Amino acid sequence: MQALHSKKIAVSCQGITKTFGEGANSVQALQGIDLEVMVGELLMLVGPSGCGKTTLISVIAGILDRTEGSCIVFDEDMQGMDTSRRTRFRGENIGFVFQAYNLLPTLTALENVAVPLLILGRPRKQALIRAREVLGQLQFDNRMMLSLPKDLSGGQQQRVALGRAVVHKPRLIVCDEPTSALDHVTGLKVMELLRGVALQEERALVVVTHDARIFNFADRIARMDDGRIKSFEQNGVNHDS
Amino acid sequence: MPLKVGDVLELNDHRAVVVGICRSSRSFQNQPILYTTYTRAMRFAPRERKMLSFILVKARAGQDLQTLNRRIEAATELRALTAREFRMKTFWYFMKYTGIPINLGIAMFMSLVVGAAIAGQTFYTFTLENLRYFGTLKAMGASNSLLFRMILLQAVMVGIIGYGIGVGGASVFGYFASGTEAAWRIVWQLPLITAGVVVLICSLSAAICIRKVMRLEPAVVFRS
Ligand SMILES: Nc1ncnc2c1ncn2[C@@H]1O[C@H](COP(=O)(O)OP(=O)(O)OP(=O)(O)O)[C@@H](O)[C@H]1O
Ligand SMILES: [Mg+2]
Numbered sequence: 001m002q003a004l005h006s007k008k009i010a011v012s013c014q015g016i017t018k019t020f021g022e023g024a025n026s027v028q029a030l031q032g033i034d035l036e037v038m039v040g041e042l043l044m045l046v047g048p049s050g051c052g053k054t055t056l057i058s059v060i061a062g063i064l065d066r067t068e069g070s071c072i073v074f075d076e077d078m079q080g081m082d083t084s085r086r087t088r089f090r091g092e093n094i095g096f097v098f099q100a101y102n103l104l105p106t107l108t109a110l111e112n113v114a115v116p117l118l119i120l121g122r123p124r125k126q127a128l129i130r131a132r133e134v135l136g137q138l139q140f141d142n143r144m145m146l147s148l149p150k151d152l153s154g155g156q157q158q159r160v161a162l163g164r165a166v167v168h169k170p171r172l173i174v175c176d177e178p179t180s181a182l183d184h185v186t187g188l189k190v191m192e193l194l195r196g197v198a199l200q201e202e203r204a205l206v207v208v209t210h211d212a213r214i215f216n217f218a219d220r221i222a223r224m225d226d227g228r229i230k231s232f233e234q235n236g237v238n239h240d241s
Numbered sequence: 242m243p244l245k246v247g248d249v250l251e252l253n254d255h256r257a258v259v260v261g262i263c264r265s266s267r268s269f270q271n272q273p274i275l276y277t278t279y280t281r282a283m284r285f286a287p288r289e290r291k292m293l294s295f296i297l298v299k300a301r302a303g304q305d306l307q308t309l310n311r312r313i314e315a316a317t318e319l320r321a322l323t324a325r326e327f328r329m330k331t332f333w334y335f336m337k338y339t340g341i342p343i344n345l346g347i348a349m350f351m352s353l354v355v356g357a358a359i360a361g362q363t364f365y366t367f368t369l370e371n372l373r374y375f376g377t378l379k380a381m382g383a384s385n386s387l388l389f390r391m392i393l394l395q396a397v398m399v400g401i402i403g404y405g406i407g408v409g410g411a412s413v414f415g416y417f418a419s420g421t422e423a424a425w426r427i428v429w430q431l432p433l434i435t436a437g438v439v440v441l442i443c444s445l446s447a448a449i450c451i452r453k454v455m456r457l458e459p460a461v462v463f464r465s
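Protein chains in written order, with the numbering used here: chain B, 1 to 241; chain C, 242 to 465.
Take these hints with a grain of salt, some might be off.
[What the hints assert, rightly or not] Keeping only pairs whose Cα atoms sit at most 35 Å apart, straight-line, the calculated DSBU-like set for lysine-lysine is:
1) B/Lys150 <-> B/Lys7
2) B/Lys8 <-> B/Lys169
3) B/Lys150 <-> C/Lys245
4) B/Lys125 <-> C/Lys453
5) B/Lys189 <-> B/Lys230
6) C/Lys245 <-> C/Lys330
7) B/Lys169 <-> B/Lys189
8) C/Lys453 <-> B/Lys169
9) C/Lys337 <-> C/Lys291
Just so you know, these hints were derived from the structure itself, not from any lab. The structure presented is a predicted model; accordingly, all values stated were derived computationally and were not measured.
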């Protein structure tokens with residue numbers, strides 16, 4: 001606790017609301033969210049389907065505009081930026097992990113991991129060297145690195161996606177249901193790697209999940225319902241390797 | 242049985258010997274054409290009021306053709322044309338007085354429309370199928386201009402490959418078709434026009450894709 005409070009704030013949200021649509025058909029997906037995520041923390045967002053978890057991480061990651069409130073990520077408000085600066089900020093600072101992996105099907109595992117670096121304009125050769133290093137940490141051998149996503153298992157694909165999320169050393173990583181397409185054992189393995197590889201001093205993680213079996217990988221759990229955060233739980237279990 | 246040199250045949254009760262075969266492309270009409278001297282032609286064909294359609298004149302080397310034409314016209318009161326003029330006159334005859342250009346033109350236009358529609362449709366399907374990946378790239382920080390260049394590169398590659406297959410295939414076909422019954426000819430303008438059309442179709446298809454991707458909200462990536 002002491003250590004956590006002395007650390008920096010990665011994400012700071014105040015009074016965030018989000019309304020989809022207008023008039024009678026409008027949906028208020030977020031109804032006033034106050035939330036802080038610390039650097040070095042893994043925060044889990046949990047709650048019933050439709051409660052606004054995906055909407056909230058989309059706003060935090062700067063891929064969706066909020067309706068009201070403020071959201072500061074590493075001292076910057078992405079909504080105030082013009083499109084190209086905002087895109088750039090996302091590319092440099094935020095990593096993504098998706099439920100459906102979203103790996104580019106025509107690229108090898110290695111190339112997929114290199115993509116964020118290529119987007120940032122790094123030379124191809126350098127990007128591939130760094131991608132190889134990251135996939136090595138995720139226990140990939142050479143043959144797996146050169147496989148296409150379709151030739152990899154779900155767990156392997158999600159590990160590639162993990163590699164892609166961390167390869168450019170972003171300061172915030174958002175994951176939407178990273179284990180819900182995986183069986184239990186594979187899910188635990190992915191979460192272990194997620195904590196081990198992704199969670200480092202200067203980085204924060206926000207993980208949306210339904211999966212109660214991975215709750216103890218969290219430092220803190222925010223329980224959401226109906227567009228609000230109902231409670232925070234501090235988690236005692238420490239999975240740092 | 243096609244005729245060959247040395248064959249003897251009967252033409253209107255007269256004996257005729259084939260001494261040569263004129264190698265030419267098949268015309269749209271299908272009467273056979275016989276070349277012979279004027280006096281022999283008079284013997285083969287029954288007398289009509291006007292026996293003579295064309296006389297082939299060979300100019301002496303160095304002779305100015307236009308002057309020669311004018312001299313012939315003055316002397317005979319017949320129309321004299323150079324080979325090139327005669328060719329163009331024939332060409333325009335077919336263009337103006339036959340249904341051939343209209344029919345071929347419609348066929349060409351239809352294949353163009355169908356081709357463009359298929360290409361556009363294919364590119365559009367490609368876009369829709371890959372929207373999730375475009376969204377992923379956008380979320381991960383790919384700028385619109387980067388995606389624009391990616392799509393453009395794709396369109397250019399597809400265009401080059403398609404053009405190569407099309408024009409290459411046509412040329413190979415033409416190569417093997419030459420000397421057969423098919424009158425095959427690719428004029429030099431044709432590859433250029435085709436290139437223009439391919440560029441047009443590719444740009445249109447790419448524009449549809451680019452429009453869709455530019456407007457794509459990166460937030461779609463988290464929706465399943
Ligand atoms: N683009 C959109 N347009 C309209 N309504 C939307 C849109 N996105 C989300 N919603 C609505 O907002 C609410 C919250 O959706 P959200 O996807 O954030 O829920 P969730 O907690 O992630 O649910 P799940 O666990 O099923 O993924 C839902 O009622 C949903 O229907
Ligand atoms: Mg969701």
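Checked hints:
no.	hint	result
1	B/Lys150 <-> B/Lys7	41 Å, violated
2	B/Lys8 <-> B/Lys169	17 Å, holds
3	B/Lys150 <-> C/Lys245	65 Å, violated
4	B/Lys125 <-> C/Lys453	32 Å, holds
5	B/Lys189 <-> B/Lys230	29 Å, holds
6	C/Lys245 <-> C/Lys330	31 Å, holds
7	B/Lys169 <-> B/Lys189	21 Å, holds
8	C/Lys453 <-> B/Lys169	31 Å, holds
9	C/Lys337 <-> C/Lys291	25 Å, holds
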